[in-house]
Amino acid sequence: MSPTTAGLLGLAGLFLLLALRMPVGIAMMLVGVLGFGTLNGWGPALAVLGSEPFVIATNYELIVIPLFVLMGNFATVSGMSRDLYGAAYVWFGHWRGGLASATIAACAGFAALSGSSVAAAVTMGKVSLPEMRTYRYDPRLATGAIAAGGTLGILIPPSTGFVIYAILTEESIGRLFLAGVFPGLLLTALFILSIFIQTRIHPDLGPPGPVSTIGDRIRAIRRASAMIGVVTLTIGGIYAGLFTPTEAAGVGAFLALLLALVRGRLSASSLSSLALESVRTTALVFLILVGAHIFNPFLALTHIPSDLAELLVGMELPRLAVLAILLAAYIVLGMFLEGFAMLVLTLPIVHPIILTLGYDPIWFGVVMVIVLEMGLISPPVGVNVFVVKGIAEDVPMAKIFAGILPFWIAMAVCLAILVAFPEVALFLPNTMIR
Amino acid sequence: MGAESRGALPGTAVAAWTTRSLAYVAGAALLWLMLLTVAAVVMRYVFNAPILGAQDISELSLAVVVFLGIPYCGWTGGHVAVDLISTVVGESRLRYTDTLMRLVGAVLFGFVAWQAMRQALDALEYGEATNLVEISHHPFMFLMSFGWLLLAGVLLIQAAVGILRPQEKAE
Numbered sequence: 001m002s003p004t005t006a007g008l009l010g011l012a013g014l015f016l017l018l019a020l021r022m023p024v025g026i027a028m029m030l031v032g033v034l035g036f037g038t039l040n041g042w043g044p045a046l047a048v049l050g051s052e053p054f055v056i057a058t059n060y061e062l063i064v065i066p067l068f069v070l071m072g073n074f075a076t077v078s079g080m081s082r083d084l085y086g087a088a089y090v091w092f093g094h095w096r097g098g099l100a101s102a103t104i105a106a107c108a109g110f111a112a113l114s115g116s117s118v119a120a121a122v123t124m125g126k127v128s129l130p131e132m133r134t135y136r137y138d139p140r141l142a143t144g145a146i147a148a149g150g151t152l153g154i155l156i157p158p159s160t161g162f163v164i165y166a167i168l169t170e171e172s173i174g175r176l177f178l179a180g181v182f183p184g185l186l187l188t189a190l191f192i193l194s195i196f197i198q199t200r201i202h203p204d205l206g207p208p209g210p211v212s213t214i215g216d217r218i219r220a221i222r223r224a225s226a227m228i229g230v231v232t233l234t235i236g237g238i239y240a241g242l243f244t245p246t247e248a249a250g251v252g253a254f255l256a257l258l259l260a261l262v263r264g265r266l267s268a269s270s271l272s273s274l275a276l277e278s279v280r281t282t283a284l285v286f287l288i289l290v291g292a293h294i295f296n297p298f299l300a301l302t303h304i305p306s307d308l309a310e311l312l313v314g315m316e317l318p319r320l321a322v323l324a325i326l327l328a329a330y331i332v333l334g335m336f337l338e339g340f341a342m343l344v345l346t347l348p349i350v351h352p353i354i355l356t357l358g359y360d361p362i363w364f365g366v367v368m369v370i371v372l373e374m375g376l377i378s379p380p381v382g383v384n385v386f387v388v389k390g391i392a393e394d395v396p397m398a399k400i401f402a403g404i405l406p407f408w409i410a411m412a413v414c415l416a417i418l419v420a421f422p423e424v425a426l427f428l429p430n431t432m433i434r
Numbered sequence: 001m002g003a004e005s006r007g008a009l010p011g012t013a014v015a016a017w018t019t020r021s022l023a024y025v026a027g028a029a030l031l032w033l034m035l036l037t038v039a040a041v042v043m044r045y046v047f048n049a050p051i052l053g054a055q056d057i058s059e060l061s062l063a064v065v066v067f068l069g070i071p072y073c074g075w076t077g078g079h080v081a082v083d084l085i086s087t088v089v090g091e092s093r094l095r096y097t098d099t100l101m102r103l104v105g106a107v108l109f110g111f112v113a114w115q116a117m118r119q120a121l122d123a124l125e126y127g128e129a130t131n132l133v134e135i136s137h138h139p140f141m142f143l144m145s146f147g148w149l150l151l152a153g154v155l156l157i158q159a160a161v162g163i164l165r166p167q168e169k170a171e
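Top line first, the protein sequences correspond to chains A and B.
Using the working numbering, read the first sequence as starting at 1 and increasing by one per residue.
Using the working numbering, read the second sequence as starting at 1 and increasing by one per residue.
Hint data in this document are derived by calculation from the structure and do not stem from the laboratory.
Be aware that a few hints might be false.
As the list claims (entries may be wrong) - Derived lysine to aspartate or glutamate pairs resembling DMTMM-like cross-links, with alpha carbons at most 25 Å apart:
(1) A/K126 with A/D216
(2) A/K389 with B/E134
(3) A/K126 with A/D138
(4) A/K126 with A/E393
(5) A/K399 with A/E338
(6) A/K389 with B/D56
(7) A/K389 with A/E338
(8) A/K389 with A/E131
(9) A/K399 with B/E128
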């Protein structure tokens, strides 16, 4: 069998298995070993099944994943989300649409502690939705803001999406984290701007909340300062070259644990369920990584990724056009595929293309993560939409999607800005101290 | 449920208990990993005395978290799958393909566990160990093999539950 035929059969088989609901990591392992065996012999293929998982599960850099997961879970238990929302609330609440803006700002803050978009949407939704209901916010704006704000979790470091991207493309985790900082702040600002415009046109969407006193504002900032300290130390520590990302994650998790302890939020039962949850998240990420590391060498053997890259370059399209096609394809794929799955399935093909076109892979990582975020809130399978639906059961799906649309446009604007000014992403990683 | 309701399959309780207990061990390993990382940083910056082999120990601790976590994640249905088909085909008809996928997965992980075992035996024979402080690889490779075998078992039990007790869902 020619390598290309084997590759095409393998891809077809993979999609069939995925369509029949085989978990992504398992399907990739299976097709990878069958394909590798066909092309390179069964002995080496089987040996890879034994050795590759051990290599991945003992990779020092990857320790960053469970530790940041742990940090996010400790932060959730410690009630920091309430403090963050409280702080944003007293500062922005009296604006038109201010409670929705506060939700976005608090999500951004929480995103700096947690690498998961779902966690951000769940914790912030539980805190902010009742408040927005009390002030008679249109459920469209309220749910849209929570779903969109939650997606900041994977853009603002720490981010599981960046770790996976870094491992699959052999880029630096630390640089990718730093590259996410300014785009994350930019997107936060664009979300708030979008709320501002929406409530300007339809003031009924989000009536102003109460005005807070200066004293309240200072007290709220002080309560949130612990969290600000943790974020500054972890992300700042990576930037200043004090910590590797793994060390930053360990220190951050430990500080979040201390905070939860000091606030009396940590009981034996919350600790054990939090540990189980962290283990579960770690396991699911690693099974996908193992799958990718068994499948991708097979795909490379088939030459399909390099052939495709050559084909695209041979067409001599302007590189911006190729990028536009790729991004459009990702936005469509994101409507149907889970974010991690999309990342591992497409990167082996797309990464060589990006390199051939001369784009910066760190910058592209940020662009990809924003596109993944768009997928998280797109119909029909946007994960964050279902999360929000779970919190606001009485709001029809159509209404939630309608509420999301303005935020989705804000994301598209953010993408355009990043394409026009790559420095937004690249400034911090290019100036970090190593 | 009426009189026709049959009891849970005998394997399910065992699988739930085993995977969960091992996940607690993995959770403890994760907390230990956090403490070790912090201690290594503190020793380096405050006492200017890096912990010898902290990296080696961390790496092997990660393996414990991963390989004892994977069966639990499998049992609780945590592994990421793409579910588009259920919007077209009803759940009741999907149980046959679900079962088939689980059986295929179980066979695969049987092979994976066997290869992991071979790795472990090789490592034992050649005395493979970590770089800085010599910790033998083989116990962790046996653990890996055990984790995969357990995942194969989990998939088998889930396949049986899906066919014999379609109304139940594993945990």
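Hints, one by one, checked against the model:
no.	hint	verdict
1	A/K126 with A/D216	22 Å, holds
2	A/K389 with B/E134	52 Å, violated
3	A/K126 with A/D138	17 Å, holds
4	A/K126 with A/E393	12 Å, holds
5	A/K399 with A/E338	22 Å, holds
6	A/K389 with B/D56	44 Å, violated
7	A/K389 with A/E338	18 Å, holds
8	A/K389 with A/E131	17 Å, holds
9	A/K399 with B/E128	59 Å, violated
In terms of the numbered hints stated before, the structure departs from hints 2, 6 and 9, listed from lowest to highest.
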